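Peer 1: Start from the sequences, fold in the hints, and give me the full structure.
Counting in our numbering, the sequence shown runs from 1 upward without gaps.
For the record, the hints were derived by calculation from the structure and aren't laboratory data.
Quick caveat, the model's predicted, so the values are computed rather than measured.
A couple of the hints might just be wrong.
Claimed, not checked - In silico lysine to aspartate or glutamate, DMTMM-like type, Cα no more than 25 Å apart, as pairs:
| # | residue 1 | residue 2 |
| --- | --- | --- |
| 1 | 101 | 70 |
| 2 | 69 | 38 |
| 3 | 69 | 54 |
To be verified - Beta-carbon label-pair distances, calculated as ranges:
| # | residue 1 | residue 2 | range |
| --- | --- | --- | --- |
| 4 | 114 | 6 | 14 to 22 Å |
| 5 | 56 | 27 | 20 to 28 Å |
| 6 | 31 | 116 | 48 to 56 Å |
Just so you know, even glycine gets a beta-carbon here, dropped at the ideal spot from N, CA and C.
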Amino acid sequence: MKAGLTLFSLAALAALIGVSIWATGHIAIMASIRDVMEQPGAGNNPWLIATLFDAYFGFLWFWLWVAYKETSWLARGLWLLVILLLGNMAMAAYMLIQIAKLRSGATVQDLLLRRAA
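Peer 2: Have a look at this one:
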């Protein structure tokens, strides 16, 4: 598990650095922000792509916790799909479900850690 998480972390970091360098090579971040403010519908902005990389790696990081918490592969797969399609809305829904399952007086560990089978 440690090797897999390390490999994923390194791949995510390399991809995020790479896409940031690529986007900067096309347009500076401040110029990019100015372009979006002036022409929001243009849609041809390298920083949009960099931001999508950042967002989806964040979704995958959250899903790794979901995959740890969930015990069935079906639930893991469905949550991956829902998170990738709905992003932060799905993440908020998952958190609300987890919070609703907590008993009175529960700790942060009870929220974050997998329940005993």
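Peer 1: Against this structure, judge whether each hint is valid.
Peer 2: Status of each hint after checking the structure:
1. 101 to 70: Cα-Cα ~13 Å, so holds.
2. 69 to 38: violated (44 Å)
3. 69 to 54: Satisfied, since the Cα-Cα distance of roughly 23 Å is no more than 25 Å.
4. 114 to 6: 14 to 22 Å: holds (21 Å)
5. 56 to 27: 20 to 28 Å: holds (21 Å)
6. 31 to 116: 48 to 56 Å: With a Cβ separation near 54 Å, residue 31 and residue 116 satisfy 48 to 56 Å, so the hint holds.
Checked against the numbered hints above, the structure breaks only hint 2 and satisfies the rest.
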